[in-house]
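Asks: One line per chain: the protein sequences are W and H, in this order. Counting in the working numbering, the first sequence runs from 1 upward without gaps. Counting in the working numbering, the second sequence runs from 1001 upward without gaps.
Don't read these hints as lab results, they were simulated from the structure. Glycine included, C-beta positions come from ideal geometry on N, C-alpha and C. Keep in mind that a hint or two might mislead.
[What the hints assert, rightly or not] The calculated label-pair distances, taken between Cβ atoms and stated as ranges, are: (1) N400/W with S1116/H: 27 to 37 Å; (2) I1019/H with L257/W: 27 to 37 Å; (3) T1137/H with K318/W: 20 to 30 Å.
[Said to hold, decoys possible] Quick list of in silico lysine to aspartate or glutamate cross-link-like pairs, DMTMM-like style, CA-CA up to 20 Å: (4) K1202/H with D1182/H; (5) K318/W with D1013/H; (6) K1143/H with E148/W; (7) K1014/H with D403/W; (8) K1015/H with D403/W; (9) K1143/H with D16/W; (10) K122/W with D110/W; (11) K91/W with D16/W; (12) K318/W with E215/W; (13) K1014/H with E402/W.
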Amino acid sequence: MNAANIWTIYAKELRDMLRDRRTLLSMIVIPTLVMPLIFALVGFVSFKVIRQARATVPAVMVVGGEDSPNARNAFLAHDKVRVIPTVSDWKQLISGKQVRAAVELPPGFDRALERGEAATVKIYNYDGEMRSSFAVDEIRRFFAAYRETLITARLAQHGLPATLVKPFEVRTQNVAPPEKVGGNVVGGLIPYLFILLCFTGAMYPAMDLTAGEKERGTMEAILSSPVARVDLVLGKFFMVLTASLGTVVCSMVSMLLTVLVGGVLMASPGGVANGARGLAGMNLPTLDPLGMLAVLGMVVPVAVLFSALLLTISLFAKSFKEAQSYVSPLIIVILLPAIVGMLPGVELNARLALVPILNVSLVSKELVSGVWSWGYLALIFGSTCAYAAAALALAVRMFNREDVMFRV
Amino acid sequence: MISAHALTKTFRDKKRGEIHAVDKVSFSVSGGQIYGLLGANGAGKTTTLRLLATLLQPSSGTATLAGYDIVREPARVRARVGFLAASTALYGRLTARETIQYFGRLNGLDDAVIKSRTAQLADELDMHAFLDRRCDTFSTGMKQKTSIARTLIHDPEVMIFDEPTLGLDVMAARTIVRFVRDCRARGKTVVYSTHVMSEVEKLCDRVGVIHGGRLLAEGTLAELRAAYRETDLEEIFVKVVGAGPQGAAPVPPLLS
Chain W
1 MNAANIWTIY AKELRDMLRD RRTLLSMIVI PTLVMPLIFA LVGFVSFKVI
51 RQARATVPAV MVVGGEDSPN ARNAFLAHDK VRVIPTVSDW KQLISGKQVR
101 AAVELPPGFD RALERGEAAT VKIYNYDGEM RSSFAVDEIR RFFAAYRETL
151 ITARLAQHGL PATLVKPFEV RTQNVAPPEK VGGNVVGGLI PYLFILLCFT
201 GAMYPAMDLT AGEKERGTME AILSSPVARV DLVLGKFFMV LTASLGTVVC
251 SMVSMLLTVL VGGVLMASPG GVANGARGLA GMNLPTLDPL GMLAVLGMVV
301 PVAVLFSALL LTISLFAKSF KEAQSYVSPL IIVILLPAIV GMLPGVELNA
351 RLALVPILNV SLVSKELVSG VWSWGYLALI FGSTCAYAAA ALALAVRMFN
401 REDVMFRV
Chain H
1001 MISAHALTKT FRDKKRGEIH AVDKVSFSVS GGQIYGLLGA NGAGKTTTLR
1051 LLATLLQPSS GTATLAGYDI VREPARVRAR VGFLAASTAL YGRLTARETI
1101 QYFGRLNGLD DAVIKSRTAQ LADELDMHAF LDRRCDTFST GMKQKTSIAR
1151 TLIHDPEVMI FDEPTLGLDV MAARTIVRFV RDCRARGKTV VYSTHVMSEV
1201 EKLCDRVGVI HGGRLLAEGT LAELRAAYRE TDLEEIFVKV VGAGPQGAAP
1251 VPPLLS
């Protein structure tokens, strides 16, 4: 191994890459712009949709209840819903999202209530549809209040206090730091994006430096120089790694700026905050900056692993196009563990700490929410380094195989 | 000085089984001499030259270039060899100067030497006008000159040319031919592979006819003409190749 040769190759590849518009685009421009764009777009759209949905009084229908004027009129007087005339195909209207929900009062509802008999009010909705669920919430709120009024009246009739049926209140209050809340919501998303960018950042240079060089016919000239193959691999590898980490750093800086700027905007009086706060995933998270740095540290061996693997795979290809057809399906392989890491309920344990990519995804989720499990961190960093070293050794081996270098 | 001893390269192919791309090829070339390797496409020319340039490892046999063994001391061999093929290209986003400098550094030269060598080569090849332009803007002729300069930066003792004029126009091909002659004039050992008969006649001191991985006939042009009683090289080539390996028997004196 000769450090001067490795440096010569690295410096040349870097210069070559920096003059390539396509690399600059994939390494700097896209990762820098993608985060603010995602946040701005998702934030803006969801805020608008939610505000609109909240602002509009949901249209609902009342089915039955002709013989129960008390309940019916009380419901009609409720101003949080707009009761529209009932039509026979009301179920279709709900499915067609023209009516948000319908409430069915059983026959003789008023009478049943007076006699103290059991009765069931049915709410028909479009499950999973946000505006329908808002309507259901309102209907539920109304009937809960209506029930409460009835209970209080009945108790009063018998001269009993209200606390008889409600001996205590239950109230929940969040005491977790805002980082922790933000971490759970967005924590899964950040490592996922980093892992993806880490891969896409390495992808283009890895293919260009191997298959691309073979295709253009420059590889033979390099191989006929006295440089050892291992120096050649390392020079190229460091370049791919630079591109990979450069991509991640660009996106991280832009993400921190987005959160910072976004946070200031959200905090402004009458700003987006009122509408968006409390809706999971839509509010900008408070992230632990130290945790973010640690995530970057955890991503380094992943970048090494990706760079070496991508070099190895694309070296096998004869042309850039062939390399693309090998590498593109890999994105799915890479994303799968990253997505599993995002799923709620998947928590880090000793076995999962050895699964490459998934382990980093899981531990990053903890790190951005300010939780430091040192044992797992060491295990994950160590195992990822081991995988990365194996991938690099494989790359060196491939560069020494003449049937790969001169594949016909 | 090049001397190859029973160089053999065997590939394994799933469909065709074992292929002897180069089969016990032996020849030698001394300094100030151009050795022409004449053969059709797929005859084994490129594989032979890649073996000599240590890009491939021989299955058996060996060769020495400038006194170093290609199997045992490949790095030393490469430091003394310049390899130029028609298929080798340049880095489009580097300038000619950067390209030459890159290969100079890869050959272990320090920057002062590279600078003076570059100036010298630019003079000889008339490259000053485009030395600091990016290679992707070059004409074929400029590319050829840049390739030659990067091959020569470390002043190699041995030059290997693999069909260097393939696909070039007349003017660019003439630059190459002149350059090959120049190498001989400077006392370098030159191997030159081609399938163009006229180039052999113009350039080569000795010729080896290769076919099916085997060297079927070898000698100076005059010796080959005498042995096959033909003046036209193409006719000689057809006779040699047509006779096949068995037919090689009548010309053993030329092989020795």
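Asks: Hints first: check each against the structure and report whether it holds.
Replies: Here is what the structure says about each hint:
1. N400/W with S1116/H: 27 to 37 Å: holds (35 Å)
2. I1019/H with L257/W: 27 to 37 Å: Once the Cβ atoms are compared, 60 Å apart, the range 27 to 37 Å for L257/W and I1019/H is violated.
3. T1137/H with K318/W: 20 to 30 Å: Check passed, 27 Å falls within 20 to 30 Å.
4. K1202/H with D1182/H: Holds, at roughly 13 Å.
5. K318/W with D1013/H: holds (17 Å)
6. K1143/H with E148/W: Status violated; Cα separation ~90 Å.
7. K1014/H with D403/W: At roughly 13 Å apart (the allowed maximum being 20 Å), D403/W and K1014/H satisfy the hint.
8. K1015/H with D403/W: holds (16 Å)
9. K1143/H with D16/W: Holds, at roughly 17 Å.
10. K122/W with D110/W: Since the Cα atoms of K122/W and D110/W sit roughly 15 Å apart, the hinted pair holds (cutoff 20 Å).
11. K91/W with D16/W: violated (65 Å)
12. K318/W with E215/W: holds (6 Å)
13. K1014/H with E402/W: holds (17 Å)
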